[in-house]
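Assemble the whole structure, with the sequences as input and the hints as a guide.
Same order as they appear, the protein sequences are chains F and G.
Counting in the numbering used here, the first sequence tops out at residue 1088, every number present.
Counting in the numbering used here, the second sequence tops out at residue 1088, every number present.
In short, the hints are calculated from the structure, not lab data.
All values derive from a computational prediction rather than experimental measurement.
Glycine included, every Cβ here is placed at the ideal spot set by N, Cα and C.
The reader is advised that the hints may include incorrect statements.
[As the list claims (entries may be wrong)] To spell it out: a stretch of chain F is covered by chain G in this simulated footprint if at least three of its residues, at any positions, have a beta carbon under 8 Å from a beta carbon of chain G; those stretches are:
hint, stretch
1, 463-475
2, 546-560
3, 578-584
4, 620-631
5, 1006-1015
6, 1075-1084
Number of protein chains: 2
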Amino acid sequence: MTNYNCARIIFATLALFCSSALLAQEKPTKLELMPMPAKIEFQSGKFSLTDSFKIAITGNPNQRLYSGATRALRRLAGRTGLFFPQDFLRPDVVVDSPALTINCERPGQVKFGEDESYTLTIAPAQILLAAKTDLGALRGLETFLQLLAVDEQGYYFPSVKIEDAPRFAWRGLMIDASRHFMPVDVVKRNLDAMAAVKLNVLHWHLSDDQGFRVESKAWPKLHELGSDGFYYTQAQIREVIAYAAERGIRVMPEFDVPGHATSWVAAYPELGSAPGPYQIERKWGIFYPVLNPTKEFTYQFLDKFFGEMAVLFSDPYFHIGGDEIEHADYHEAKHWNESAEIQAFKKKHNLADNAAVQAHFNQRMLKILTKHGKIMVGWDEILHKSMPTNIIIQSWRGRESMVQAAQQGYQSLLANGYYIDLIQPTDFHYLNDPLPADLPLTGEQKKKILGGETTMWAEYVSPETVDSRIWPRTAAIAERFWSPQNVNDVDDMYRRLEVISFQLEEHGLTHEKNYAMMLRRLTRNQDITPLKNFVDVIEPVKIYNRGRLRPHTSYSPLTRVVDAARPDAAAARKFRRNVDDYLEKRQQNHTSAEQINFSLGLWRNNHAALLPVIKASPVLAEIESPSKDLSEISGIGLEALTFLEQNQTAAASWKDEKLEALSRAKEPRGQTELMVVSAIEKLVVAASEKR
Amino acid sequence: MTNYNCARIIFATLALFCSSALLAQEKPTKLELMPMPAKIEFQSGKFSLTDSFKIAITGNPNQRLYSGATRALRRLAGRTGLFFPQDFLRPDVVVDSPALTINCERPGQVKFGEDESYTLTIAPAQILLAAKTDLGALRGLETFLQLLAVDEQGYYFPSVKIEDAPRFAWRGLMIDASRHFMPVDVVKRNLDAMAAVKLNVLHWHLSDDQGFRVESKAWPKLHELGSDGFYYTQAQIREVIAYAAERGIRVMPEFDVPGHATSWVAAYPELGSAPGPYQIERKWGIFYPVLNPTKEFTYQFLDKFFGEMAVLFSDPYFHIGGDEIEHADYHEAKHWNESAEIQAFKKKHNLADNAAVQAHFNQRMLKILTKHGKIMVGWDEILHKSMPTNIIIQSWRGRESMVQAAQQGYQSLLANGYYIDLIQPTDFHYLNDPLPADLPLTGEQKKKILGGETTMWAEYVSPETVDSRIWPRTAAIAERFWSPQNVNDVDDMYRRLEVISFQLEEHGLTHEKNYAMMLRRLTRNQDITPLKNFVDVIEPVKIYNRGRLRPHTSYSPLTRVVDAARPDAAAARKFRRNVDDYLEKRQQNHTSAEQINFSLGLWRNNHAALLPVIKASPVLAEIESPSKDLSEISGIGLEALTFLEQNQTAAASWKDEKLEALSRAKEPRGQTELMVVSAIEKLVVAASEKR
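Given below as structure tokens:
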């Protein structure tokens, strides 16, 4: 904690001061860094990259830094095509006249609160990356790689001095590998991408109603009967943890108890609160199976299991889930309520309600985890007046519960607002600050907010699509966790995000390349252009509407148009922005009008091109109607634009008719929605206003 | 052997008889099967696919078939977006009214010569897939999936009766994981693709001068000092073997001895024939380090090591390499020739030459492998008059050596002609029959030819590009190994290959999707269209020219234009075909003229669009000159086309001048070559011929 808070105070000084610094320079450099460093000073000149570039490591480094620097060198070669002379950086090889010197004071530890600060100084003749720990140096190498630029002379790095350290020490991505299993390569490429944007915790959600995903030697039926054969072997778990550690990323496992437990009781029905037998759940939702808190067997079982996992997962933090045993609005703890045994237990132990029963269970969990050297982490619901404050609360239900936890003395993590499975736009997540200035917390209480995590729940993602839900939005969230609070210019975030998203492909991420691939499959290898024009401006429906509109199971295909469609559709977002720009200052803004005209023309004509493709591929039948709508409303938009450009006012009857058509186009189909309707509505309304 | 030869006799009856069968049908179906089955009979009608589709398994199946059928069901759902009712096929679940019934007489064994035949009968009301073994059923499921078609009513399967069995029992893909390490996910996705085209052997080249890629507990320095940290753990090897076995694919390891041994002696210099010390080789080529055949330690070492690997790799076939100790034309066995100890040993044992020394070594290898229950396989050079005929010869140097081996009583495999690293066109490999009718072999000798393997040597491929070298060409080679000899219509192969290549993306292969990704990186995320137009018609230089033109090391970047460029560039091939069609029958062929005109116009104008992209991305500088050439020669082609279309004859001086320009355009640059020059030359020559 000390390092991190110290760093926060020292470096919380940015205020986009780079933009003013830019003015002082002769040739302003538009930096494409994400997360934005705490402090950047521009110098004059540049370091020109040539094929003689070499890296030396000095100080007191470890093997991780040698490997990390070698990887950075390969990535630089990969981007530039330059044949660098160095093969592998090694302690036993002396490097003559290095271009980049990395100095590291001591080997870091991959643990919460480790120093991740670094200073990067790029001068025309040499580059120095200095860090307390190798972890700081790895973070600095990512910044270094993001600085690679091009001018008429070739590749270069701008002369800068960067001082950087994270705002929050806990910067996580949660991957749900239970609802859809995510093979090791999926996890690894996401770890690489996490490292690229300086995230440092993989929270691995490993059990849920739909699957138990870790091999247990203590209780082998867990993976044998609870997984359909899709689970990580212990060797694979170790492989992933080592891979993460090489990148300075901690791995925190989550085994969800006592609820979300169908896969546990499918394997060991004797753990359940109802008689069973149970089967792995295939549907999505919240289900009744819940561990039995009254049986000693339950605790013996978990003691043995957590003991096994405590050794396998070396990080001291251990997440026990704890969510959704019951929910005031729509879900009761049925198996507890209906069990005479549990009711008697409640009475005997004077437990007022099910929350108290869960707290009783959690006290036992805490004892077990403490015995195994672990710090207990859980979702909101583990917070209870009877629980000590040495547990960590992860807030998913809302910021209020995080605030309450901090006020009561609990450390906490924010997940609420970072649910990337809900298909919300990047700026929504980006502007969700874990610790806004106006929170009703004392300085001491604020220190209890350790950071945040973005959560990739996996009901509607497969290994093929998961990257497109995580990235690029998670890069913007990573900036929220790392960069100073006042780095919050949404336009600049989107400008940088486009570049960073492209760079992330370097790690094998499929968020970009699987798009065309999925469209090829959907068209049966016809020309994808018209389908792409359409899918570019739709998004999957938001929040929990997908399942409401069409019930899915764990084996439903995730290859439809809704799966190819991506969150925060860039083409639609840019169009909406153009319309706003145009309407706000339309006299000066011919570019916006031209771009709007171009987009609407493209879409108006698109249905004619797409229709034969739809007819030749039955899986596309569900978009025939919205594709037709897109053409129609684009025609409406063009009419509105003509009124506006000719400075004429449309009749009220025209407006009413067109708004009704637009309103129909808002209807979700195929669990997707057109993301340009609201902007066209604005054009229609503006066209019919007196000017 | 029996099953396979029997099958060969029964089913070697096709002669593209499907095309004549098609004529008998009312609505001819253009099948897109690869490999083409041995026998197809068309029936009337079709089976309509709906979301009530279910699969049942009968007979005497094993778990592998349940898993395989479940995967097939998921793939069908993935392609069609249909929500099928079945989750996992399981022995304990009775399926009511299945649409597809799979009957399997007995569990197959993943071993050489196992029965892989199947019969697939699709009728309007139901589908029956019958096989002797589950392996045959898995092969049949791939054919079934390739038959999925579409008409106005939706998805369907045409009514057919297919009887099928392989021509050769050994149908392999060799992956070199030594020169560039190929992580587990690369191997797995290629195993899926292999299964899709009915290949059944993964030959895994695991050691070479540039890296030793398997964890050895017996001799841990092999992977510790011989791999730069890039090796498969034994757990990963087991994981891959199990994954392959699930798909009916054998895994044969190759540990190359006594040559290609730098990584061995880098770890254990005492194995070497020269004093050492040694370092892992970073360059490409043939190197001197070779194991010492005179020391008992060498044999003790290999006994222990092969003993360990014999357990790890369950297949009885074990490849010991054995290639390139010396080569008559350009390489001597220097370390043997210069070692007094080895010279004395030669004398003492009356060994005439180094080939005899190697044979002496190989006799020891054979003893060791036999002791560990393995059948010895090696490259051409292990053939020696002193060796018994119970070893398998893999012919890489030419068909002649395979023929000689067969004549001398050795079983053999053909690799020559299937070296896909040499960037030759698909039809070259496709028409390379392992066993042409005119071979000077008796019937008994012909039976010695077990099959063939395509070889993916990895000097110039990385995990990012390897799929684009293996696929789709290997699908055509797979047809050569599986289908009857007289399935050899190149045009029809290319027609089907385009569809199959697209379908192979289903397995996560990157041969298609990494193309655009690499172009994005090369352009630094500019519009890739002009670069794509250019790279679409270039190919990497062929055979071993890449390294001759620019020396590479094992850490040179493989991200340049030459790496994005693909073998057998389809756009160029189609253009050449159009030109041939046009020139052969140009009066009737206006379509060809139009297509030629379109292509040439596109390319002529492309340089102007590509030049600013090149200027903004230094890695593209090396294509400025060939891009300019493409525009110029396309202009020449358009001139020639005008002469031809206007029925005018160009002057000889014009021809000479243009041919000289074309000749200059043939010069490789950036280790790539323009693949449309020869066709434009033909146009120029034709334009200047008297008509």
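Hints versus structure:
no.	hint	result
1	463-475	holds (count 4)
2	546-560	holds (count 4)
3	578-584	holds (count 3)
4	620-631	holds (count 3)
5	1006-1015	holds (count 4)
6	1075-1084	violated (count 0)
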